[in-house]
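Number of protein chains: 2
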Amino acid sequence: MNSDSVGIVTPQCAEFDQPLTLACGRVLPRYQLMYETYGELNAQASNAVLICHALSGHHHAAGYHSDEDRKPGWWEACIGPGKPIDTNRFFVVSLNNLGGCHGSTGPASINPETGEPWGPDFPPLRVRDWVHSQARLADRLGIHTWAAVIGGSLGGMQAMRWALEYPDRVRHCVVIASAMRLSAQNIAFNEIARQAIQSDPDYAEGHYLKADKVPARGLSLARMVGHITYLSDNAMASKFGRDLRTGSLELGDEDQAEFQVQSYLRYQGSRFSGSFDANTYILMTRALDWFDLAREYGDDPVAAFRHARCSFLVISFSTDWRFSPHRSREIVDALIAADRPVSYAEIEADEGHDAFLMPIPRYLDTFAAWMRRVGEHR
Amino acid sequence: MNSDSVGIVTPQCAEFDQPLTLACGRVLPRYQLMYETYGELNAQASNAVLICHALSGHHHAAGYHSDEDRKPGWWEACIGPGKPIDTNRFFVVSLNNLGGCHGSTGPASINPETGEPWGPDFPPLRVRDWVHSQARLADRLGIHTWAAVIGGSLGGMQAMRWALEYPDRVRHCVVIASAMRLSAQNIAFNEIARQAIQSDPDYAEGHYLKADKVPARGLSLARMVGHITYLSDNAMASKFGRDLRTGSLELGDEDQAEFQVQSYLRYQGSRFSGSFDANTYILMTRALDWFDLAREYGDDPVAAFRHARCSFLVISFSTDWRFSPHRSREIVDALIAADRPVSYAEIEADEGHDAFLMPIPRYLDTFAAWMRRVGEHR
Numbered sequence: 001m002n003s004d005s006v007g008i009v010t011p012q013c014a015e016f017d018q019p020l021t022l023a024c025g026r027v028l029p030r031y032q033l034m035y036e037t038y039g040e041l042n043a044q045a046s047n048a049v050l051i052c053h054a055l056s057g058h059h060h061a062a063g064y065h066s067d068e069d070r071k072p073g074w075w076e077a078c079i080g081p082g083k084p085i086d087t088n089r090f091f092v093v094s095l096n097n098l099g100g101c102h103g104s105t106g107p108a109s110i111n112p113e114t115g116e117p118w119g120p121d122f123p124p125l126r127v128r129d130w131v132h133s134q135a136r137l138a139d140r141l142g143i144h145t146w147a148a149v150i151g152g153s154l155g156g157m158q159a160m161r162w163a164l165e166y167p168d169r170v171r172h173c174v175v176i177a178s179a180m181r182l183s184a185q186n187i188a189f190n191e192i193a194r195q196a197i198q199s200d201p202d203y204a205e206g207h208y209l210k211a212d213k214v215p216a217r218g219l220s221l222a223r224m225v226g227h228i229t230y231l232s233d234n235a236m237a238s239k240f241g242r243d244l245r246t247g248s249l250e251l252g253d254e255d256q257a258e259f260q261v262q263s264y265l266r267y268q269g270s271r272f273s274g275s276f277d278a279n280t281y282i283l284m285t286r287a288l289d290w291f292d293l294a295r296e297y298g299d300d301p302v303a304a305f306r307h308a309r310c311s312f313l314v315i316s317f318s319t320d321w322r323f324s325p326h327r328s329r330e331i332v333d334a335l336i337a338a339d340r341p342v343s344y345a346e347i348e349a350d351e352g353h354d355a356f357l358m359p360i361p362r363y364l365d366t367f368a369a370w371m372r373r374v375g376e377h378r
Numbered sequence: 379m380n381s382d383s384v385g386i387v388t389p390q391c392a393e394f395d396q397p398l399t400l401a402c403g404r405v406l407p408r409y410q411l412m413y414e415t416y417g418e419l420n421a422q423a424s425n426a427v428l429i430c431h432a433l434s435g436h437h438h439a440a441g442y443h444s445d446e447d448r449k450p451g452w453w454e455a456c457i458g459p460g461k462p463i464d465t466n467r468f469f470v471v472s473l474n475n476l477g478g479c480h481g482s483t484g485p486a487s488i489n490p491e492t493g494e495p496w497g498p499d500f501p502p503l504r505v506r507d508w509v510h511s512q513a514r515l516a517d518r519l520g521i522h523t524w525a526a527v528i529g530g531s532l533g534g535m536q537a538m539r540w541a542l543e544y545p546d547r548v549r550h551c552v553v554i555a556s557a558m559r560l561s562a563q564n565i566a567f568n569e570i571a572r573q574a575i576q577s578d579p580d581y582a583e584g585h586y587l588k589a590d591k592v593p594a595r596g597l598s599l600a601r602m603v604g605h606i607t608y609l610s611d612n613a614m615a616s617k618f619g620r621d622l623r624t625g626s627l628e629l630g631d632e633d634q635a636e637f638q639v640q641s642y643l644r645y646q647g648s649r650f651s652g653s654f655d656a657n658t659y660i661l662m663t664r665a666l667d668w669f670d671l672a673r674e675y676g677d678d679p680v681a682a683f684r685h686a687r688c689s690f691l692v693i694s695f696s697t698d699w700r701f702s703p704h705r706s707r708e709i710v711d712a713l714i715a716a717d718r719p720v721s722y723a724e725i726e727a728d729e730g731h732d733a734f735l736m737p738i739p740r741y742l743d744t745f746a747a748w749m750r751r752v753g754e755h756r
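If you're matching them up, the sequences are chains A and B in order.
The first sequence lines up with residues 1 to 378 when you count with this note's numbering.
The second sequence lines up with residues 379 to 756 when you count with this note's numbering.
Source of the hints: derived by calculation from the structure; they are not laboratory data.
Since the model is a prediction, treat every value here as computed from it, not as a measurement.
Among the hints, a few may not be true.
[Stated by the list, open to error] Straight-line alpha carbon distances no greater than 30 Å define the calculated BS3-like cross-link-like pairs of lysine-lysine that follow:
{"id": "1", "chain 1": "A", "residue 1": "Lys210", "chain 2": "B", "residue 2": "Lys591"}
{"id": "2", "chain 1": "A", "residue 1": "Lys71", "chain 2": "A", "residue 2": "Lys213"}
{"id": "3", "chain 1": "A", "residue 1": "Lys239", "chain 2": "A", "residue 2": "Lys71"}
{"id": "4", "chain 1": "A", "residue 1": "Lys213", "chain 2": "B", "residue 2": "Lys591"}
{"id": "5", "chain 1": "B", "residue 1": "Lys449", "chain 2": "B", "residue 2": "Lys617"}
{"id": "6", "chain 1": "A", "residue 1": "Lys213", "chain 2": "B", "residue 2": "Lys588"}
{"id": "7", "chain 1": "B", "residue 1": "Lys449", "chain 2": "B", "residue 2": "Lys591"}
Work the whole structure out from these sequences, hints included.
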């Protein structure tokens, strides 16, 4: 364990008994949220930072769950003592979103009305539902105003929605590798992922838990599709090229040949399908598809951002083709037109969309420099 | 029917009884190839053009099969009287490749040794096997030397292989939206397509025909994945944007919302799965993965192209991300270094990889201008 890690952390669970009215109009009578915190909340409760996770993320963003734990949290690169989200200065809150499958109430939880898992009957969620449930968690923790709300990808969408829904509860907003809404191509990839899951016979119309099944093939395929979109063409080329794991491409030996990239994807798919809930995956991709920052502001992102009162940092990565720099520049342009304070960094990186999780020096330095200002303001 | 169409055409079938030794070392005792021809072969048999098809193509490249036929062949944009591949001047031969599922011998054909469909036991094919079987078709038709061998995508790989395997039988070679070998990302997409098919329980380990099943869900998914890679992000944006087919994105109405792009992909997938053989799809994608123009020339494309004696036209499309202009420039660079005559056109087009099938004026004009020289040279 490195000295710049938050070390051993213990997840906590917050139970909420007041009903939550969702954007779809349905009401969740009660729910729980799993979360972790890193660092100390100061006396004024002014140093709290919220981490919003991406599609397949969860509350375990930094540190380790035990001494034996081999892998740290998913954003270990950015959260810890002396890191951009510096736990010597900030009280960091990271949760598993509602609808998730890592301890927060979601499709795999028991529906109190039926005594069975919710499955596909779990209410559809919008990004704003996450924001509202996160606001209740903030209340519970005694945090009125976040020093910063931070997220990458789908997490960046939550951060932007926070700035519009609770303008007086967010001082800084960090939006990394994100977009104001999905493109048709983004939606198309999500659709394939959902089709892969839903056409797996073991999906059982979503009631696989009741049927004691797991749509492992479909979920694995969905993850494989996702993985391609997280990596850049360059990253795949330098990581795998056309290297073979087995066999050769000599004539006559082709049937034994397997490319490294094939076995990598299969491994990723199969590992994921053993640990993630298929209905959660569908729910999260649909929330992504439906997110449209400016829809209710007359489709005008400038009008939307005029509601924000925080400072923004927007970061994109040169080879990210899932949410390309162009999509980040749209955010920046709208913020400038709305006369909001915004800094923008476009980081040269070979890693595609995944770059936002990586310890890329220029990214970390830029992010850290900006975060140092977060403590100084107000 | 337009006057620039070849009109009504009738597919023909050529039976080959001499065994064909394949690159994998196995021998196909006999086989048949479905083909069509457009235009007239001249007395010197010097005006013949071979069309090589792409992944899901077939022999029906131009014209109509009947007066009731609503859709012309797949390359109607480029083949016909006065078109780039001008049937007033050329005798055009278009076939369904070995391993195909449109009448040529392939996995869905009966294995004479067992009396059952070959299924997954059909021998694996390399691009060179297609070239060799096409050479036999040329012999049968009395064509020693092709005025041009032409192909897009996987077809361009066949055209390049022709130039190396039979240098004295090709005068001109047209390589459109192609590459000398697949990238890791290209292979990854093919792997997902294969996984989708093979993980469909109705695939039955490849023996679905014997089991009287069709792995329709898997094949449909495979096609959906392919479709995304054929279209550019821009093309999808202008074709579909975020338009809805049903429902609305108003809060509370999300469950009814379906994006146009979702229903388009599903339609494409389902249509394809009703008309294409799953084992053929696997076979073709594997041939794509394995293709590596320069492998046996010490991995040196310049050394490879030194074996060619023809003139080359290479065409790419600005928004093609399956085989980007960069991949075409690699071909051009190698040809220049090998001192082969080459023309290169990079066409501005919004349609992505699919552009090679489209009637894009600058593309057609460039292609036609170059083809006019084909008759003049020898």
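Structure-based check of all given hints:
1. A:Lys210 to B:Lys591: At roughly 28 Å apart (the allowed maximum being 30 Å), B:Lys591 and A:Lys210 satisfy the hint.
2. A:Lys71 to A:Lys213: Between A:Lys71 and A:Lys213 the Cα gap is close to 28 Å, so the pair holds against 30 Å.
3. A:Lys239 to A:Lys71: Holds. A:Lys239 to A:Lys71 sits at ~21 Å (cutoff 30 Å).
4. A:Lys213 to B:Lys591: holds (23 Å)
5. B:Lys449 to B:Lys617: holds (21 Å)
6. A:Lys213 to B:Lys588: holds (28 Å)
7. B:Lys449 to B:Lys591: Between B:Lys449 and B:Lys591 the Cα gap is close to 28 Å, so the pair holds against 30 Å.
Consistency note: the structure conflicts with none of the earlier hints.
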